[in-house]
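Each protein sequence line maps, in turn, to chains A and B. The numbering of the first sequence is my numbering, which starts it at 313 and goes up by one. The numbering of the second sequence is my numbering, which starts it at 474 and goes up by one.
Derived from the structure by calculation, the hints contain no laboratory data. All values reported here derive from a predicted model rather than from experimental measurement.
No more than 27 Å apart at the CA atoms, straight line, and that leaves these computed lysine-lysine pairs for BS3-like:
| id | chain 1 | residue 1 | chain 2 | residue 2 |
| --- | --- | --- | --- | --- |
| 1 | A | Lys597 | B | Lys688 |
| 2 | A | Lys597 | B | Lys685 |
| 3 | A | Lys439 | B | Lys760 |
| 4 | A | Lys597 | B | Lys654 |
| 5 | B | Lys566 | B | Lys794 |
| 6 | B | Lys866 | A | Lys456 |
| 7 | B | Lys785 | B | Lys863 |
| 8 | B | Lys654 | B | Lys685 |
| 9 | B | Lys594 | B | Lys564 |
| 10 | B | Lys657 | A | Lys597 |
| 11 | A | Lys440 | B | Lys794 |
| 12 | B | Lys566 | B | Lys594 |
| 13 | B | Lys794 | A | Lys439 |
| 14 | B | Lys760 | A | Lys456 |
| 15 | B | Lys594 | B | Lys567 |
| 16 | B | Lys760 | B | Lys792 |
Footprint (simulated), chain B over chain A, 3 or more residues, beta carbon under 8 Å:
| id | stretch |
| --- | --- |
| 17 | 441-453 |
| 18 | 542-551 |
The beta-carbon is built from N, C-alpha and C at its ideal position, and this holds for glycine as well.
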Amino acid sequence: MSSSLTAGDLLQTTINFLAVGGLYALIALGYTLVYGILRFINFAHSDIVAWGGWIALTVASGFGWLGAGSPAFALPVVLLMTMVICAVMGVTIERLAYRPLRKAPRLNVLITAIGVSLFLQNVGLLKKFFGNRPSTISSLMENKVLATIGGVQLRLFDMMTILLTLILVILLERFVYRTKMGRGMRAVAFDERVASLMGVNVNQVVAVTFALGSALAAAGGILFALRNDLRMTADSSWVLLGLKAFVAAVVGGIGNVRGAAAGAMLIAFVEVFVHRYVIAAFPDKPWVGQLQDIYVFGILILVLLFKPSGLLGKTTVEKV
Amino acid sequence: MNLNTWRGPIALVACAVLALGACDKGKKDNGGGGGGSGGSSGSGGAKPPEGGTIVIGHFASMTGPQATFGISTDQAIKLAIEDRNAKGGEKGKKIELVTIDDAGKQSEAVTAVTRLINDHKAVAILGEVASSLSLAGGPVAQKAKVPMISPSSTNPDVTDVGDYIFRVCFLDDFQGWVDAKFAKENLKATKAAIVYDQGQAYSSGLADNFDKAFKELGGSIVTKQAYTGGNLEITPQLQAIKSAGAEVVFLPGYYSDAGTIIRKAREAGITAPFLGGDGWDSEELPKIAGPAINGNYFSNHYLADEDREAVKNFVAKYKAKYGTTADGLAALGYDAALVLFDAMERAPSLSGKDLRDAIAATKDFPGVTGSITLDENRNAMKAAVMVEYKDGKQVMAARIEKK
Chain A
313 MSSSLTAGDL
323 LQTTINFLAV
333 GGLYALIALG
343 YTLVYGILRF
353 INFAHSDIVA
363 WGGWIALTVA
373 SGFGWLGAGS
383 PAFALPVVLL
393 MTMVICAVMG
403 VTIERLAYRP
413 LRKAPRLNVL
423 ITAIGVSLFL
433 QNVGLLKKFF
443 GNRPSTISSL
453 MENKVLATIG
463 GVQLRLFDMM
473 TILLTLILVI
483 LLERFVYRTK
493 MGRGMRAVAF
503 DERVASLMGV
513 NVNQVVAVTF
523 ALGSALAAAG
533 GILFALRNDL
543 RMTADSSWVL
553 LGLKAFVAAV
563 VGGIGNVRGA
573 AAGAMLIAFV
583 EVFVHRYVIA
593 AFPDKPWVGQ
603 LQDIYVFGIL
613 ILVLLFKPSG
623 LLGKTTVEKV
Chain B
474 MNLNTWRGPI
484 ALVACAVLAL
494 GACDKGKKDN
504 GGGGGGSGGS
514 SGSGGAKPPE
524 GGTIVIGHFA
534 SMTGPQATFG
544 ISTDQAIKLA
554 IEDRNAKGGE
564 KGKKIELVTI
574 DDAGKQSEAV
584 TAVTRLINDH
594 KAVAILGEVA
604 SSLSLAGGPV
614 AQKAKVPMIS
624 PSSTNPDVTD
634 VGDYIFRVCF
644 LDDFQGWVDA
654 KFAKENLKAT
664 KAAIVYDQGQ
674 AYSSGLADNF
684 DKAFKELGGS
694 IVTKQAYTGG
704 NLEITPQLQA
714 IKSAGAEVVF
724 LPGYYSDAGT
734 IIRKAREAGI
744 TAPFLGGDGW
754 DSEELPKIAG
764 PAINGNYFSN
774 HYLADEDREA
784 VKNFVAKYKA
794 KYGTTADGLA
804 ALGYDAALVL
814 FDAMERAPSL
824 SGKDLRDAIA
834 ATKDFPGVTG
844 SITLDENRNA
854 MKAAVMVEYK
864 DGKQVMAARI
874 EKK
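Put together the whole structure using the sequences plus the hints.
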């Protein structure tokens with residue numbers, strides 16, 4: 313099937329891979345930030361992503377911006393509002409559910425996180441919140457064709473996802489390495505007790521971490537919803553999305569910001585790029601396509617076997 | 474509770490939570506297991522009900538990704554029961570409907586049927602729409618010897634579960650053939666691609682039937698791709714379909730996935746029309762897909778615009794009560810209830826065995842979706858319609874009779 317693997321197809325696959333990778337990176341950063349500071353996996357993170365998508369839909373329909381003729385500033389406004397709302401949510405969850413357990417064994421916090429996750433999933437199902445039917449937000453903005461190169465249409469959503477991810481990751485990187493609060497985050501990640509002795513306000517640092525992670529998760533949720541529409545908050549597709557981002561964070565070296573972005577790109581490369589060419593090699597064997605998720609989680613196993621600390625896990629001393 | 478949305482590496486932890494917390498879900502599952510063994514001893518629904526009403530159980534997806542299936546079916550069954558009770562019910566008693574939501578999940582379907590039989594003493598079960606859910610709930614009804622009529626599960630395996638399981642709709646070998654014939658003869662396509670949901674018995678079964686029938690009619694399948702419902706990051710599959718040069722794409726998935734896939738396919742530059750099965754029949758499909766839905770076709774059991782007396786009466790009655798146009802699943806739900814009432818009238822008693830025999834003897838029953846005769850495999854053979862989406866509305870494209 314070499315005929316199907318044209319240059320145009322390669323370009324299309326690359327765009328898809330970058331967009332999906334960006335999406336995973338936004339979500340993976342939340343896992344890695346929280347792990348870096350508190351050393352626990354926030355399993356409720358994928359639910360913040362789901363809520364992000366649904367809150368965006370609620371905000372957009374509240375303004376009457378769904379359907380034709382929505383203003384060009386609709387998406388940026390919805391995006392910003394949702395990120396702020398989710399940041400507040402993240403901080404609130406940390407304050408109410410995780411902070412009381414800061415000194416408790418890790419397992420307690422982990423189970424609490426699953427509790428929070430189930431809470432968010434099921435509250436989201438209520439009619440007063442988002443209801444129990446799938447929905448779509450794709451009418452918020454027309455997925456315009458920006459340019460056509462070699463028969464490949466460059467679409468607005470893909471380009472926006474790639475660009476937005478790039479901007480947010482660079483901003484986060486600058487925040488962590490160039491600001492006083494960022495230095496505080498790195499200090500707490502290094503040693504919480506010593507940092508607090510040195511005058512770092514640990515509670516404040518943790519709150520900021522959750523706010524940042526949740527805001528990024530909200531952005532990820534909106535971009536995911538624009539691509540793939542919205543399933544109910546309790547749908548397994550959100551958990552799968554969260555798991556893939558979590559795998560990305562682990563593969564990149566959990567606790568490491570650049571590692572999370574690199575891991576996300578690797579996961580997306582396998583899921584989109586490798587998958588595309590494996591499919592092309594076996595056009596009549598649908599079971600090859602069925603293994604899509606196995607490739608992704610196979611990478612996790614391989615990385616953990618040969619480099620247990622993750623791709624970038626050892627090269628950096630500072631963890632955030 | 475949605476514990477079963479948690480899979481993979483954290484399943485272990487989730488189990489620990491279950492064990493420690495002994496929460497509601499664990500109890501329900503235990504109840505399910507106990508109910509199964511209770512039913513096998515024959516005490517389940519074999520006895521006629523005590524008290525003033527006859528209970529009919531309905532298990533359905535009232536919530537979840539196939540929610541409109543359950544809601545449409547349930548509304549139609551309620552309509553049928555209301556009519557019947559106005560005429561005095563059955564055997565001098567009023568009929569009462571108990572509906573339990575299974576949220577579109579197999580584990581919940583088993584629990585729902587068990588509860589209907591053990592707790593509510595249902596004399597008969599109606600449901601499910603989705604084949605994999607009928608396959609999950611069927612064995613429970615079979616074991617308890619309570620007749621079950623699926624209104625619209627089309628996978629052939631559904632009635633193979635046992636002699637107490639019936640359906641009032643056609644099967645997927647027929648439906649696959651109808652779609653293949655339409656693609657070949659009406660759309661003049663010779664090259665077809667298939668993309669199906671590997672997690673749904675309905676979807677993969679229908680895909681195989683289309684594959685076989687389309688080849689028999691002289692066409693070729695250029696590529697066959699799979700996805701998992703809800704996981705719609707399927708651009709690699711769509712690219713494969715695009716580059717394979719298919720003239721028609723067969724997508725036998727459920728509406729919530731199909732809507733997203735069609736929209737993404739159009740954005741990916743696939744211009745070939747999509748064909749689907751009765752799993753597309755939902756008012757939500759055009760909402761999810763947007764304008765991309767136009768120019769695509771699906772096979773169905775009936776069309777609300779059909780020029781037949783029974784259809785007109787039913788559509789008018791349904792609209793008067795619920796304010797919406799009845800979809801195919803509503804029509805089949807109505808028919809399933811009517812077939813059951815007809816059998817109840819003929820049965821000497823409402824015990825499981827008598828009722829089963831009466832249902833099995835159903836012959837030339839005039840239903841909304843056509844004349845219903847249950848064959849020796851407890852299936853109903855009927856004609857199918859091909860429906861086209863035009864300006865977001867369903868219009869008749871062809872009517873295809875039995876093979």
